[in-house]
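Position chain B against the provided structure of chain A, taking the given hints into account.
Residue numbers (the numbering used here), protein chains in the order written: chain A, 1023 to 1136; chain B, 23 to 136.
In case anyone wonders, no lab produced these hints; they're calculated from the structure.
Heads up, some of the hints might be wrong.
To be verified - With beta-carbon atoms standing in for the labels, derived distance ranges:
#1 B:109 with A:1128: 17 to 23 Å
#2 B:79 with A:1034: 36 to 42 Å
#3 B:92 with A:1036: 49 to 55 Å
#4 B:66 with A:1094: 19 to 25 Å
#5 A:1030 with B:29: 34 to 40 Å
#6 A:1074 with B:44: 34 to 40 Å
#7 B:118 with A:1081: 15 to 21 Å
#8 B:86 with A:1036: 46 to 52 Å
#9 B:29 with A:1067: 18 to 24 Å
#10 A:1044 with B:84: 31 to 37 Å
#11 B:90 with A:1036: 45 to 51 Å
#12 B:25 with A:1074: 27 to 33 Å
#13 B:37 with A:1050: 39 to 45 Å
To be verified - Partial chain B-side listing against chain A, Cβ under 7 Å, derived:
#14 113
#15 123
#16 128
Claimed, not checked - Computed footprint of chain B on chain A, listed as stretches where at least three residues anywhere in the stretch have a Cβ under 8 Å from a Cβ of chain B:
#17 1060-1067
#18 1124-1135
All figures in this text were calculated on a predicted structure; none of them were measured in a lab.
Using N, Cα and C, we set each Cβ at its ideal position, and we do this for glycine too.
One letter stands for each residue in the lines below.
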Amino acid sequence: QQQVKQSPQSLIVQKGGISIINCAYENTAFDYFPWYQQFPGKGPALLIAIRPDVSEKKEGRFTISFNKSAKQFSLHIMDSQPGDSATYFCAASGGGGSNYKLTFGKGTLLTVNP
Amino acid sequence: GAGVSQSPRYKVAKRGQDVALRCDPISGHVSLFWYQQALGQGPEFLTYFQNEAQLDKSGLPSDRFFAERPEGSVSTLKIQRTQQEDSAVYLCASGRGGSYNEQFFGPGTRLTVL
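So here's chain A without its partners, still in its complex pose (with noise of 0.2 Å):
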């Protein structure tokens, strides 16, 4: 059973377009949601999180808008760039003992196109 669902599987986006990357969720215990972003031969790296006493948070280029009732949360980039092109994972986690486990969608490949 996959708890997280991210779509699309690949996306392409021409330079300073919008970038748009969807998760679904569906343990309602979850209570931390952070992106990664992973170039090849890399460990990803967190880009930003949030958490679901708030909708929306932005940092920078990046924002996360949150839907608590449709257990749902989306990553936007504004003005894409091609340095932006990698691997996005969402993930998830919370709920009892186990707040400290990340559960990861199966991620999205971002190609920007100069």
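For chain B alone, coordinates are given in the frame of chain A:
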């Protein structure tokens, strides 16, 4: 400051060999995690340490997998009698623990079992 480091970065093993993968967490981080990342997939949780105590090993795929963190800093993931299905990138992450969920990942060790 220095991030999480892992060694070796690449490991090729013949089926049936034992391997040991090392993780040096960020200094002062009490939490340490191991994840397995198959090609084209998101990381999957293996095990969790708080200081030297292994609090969760529910993600270890079989009893051939063993992890330790004897002094609460460096950790080793050992895989005995490696099988081809063990081929993956093994990621280590560390965190401050407590109410902080942030996990900071190392570059990973790519294990190939022939």
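Checklist entry - Of the hints stated earlier, which fail here? => result none
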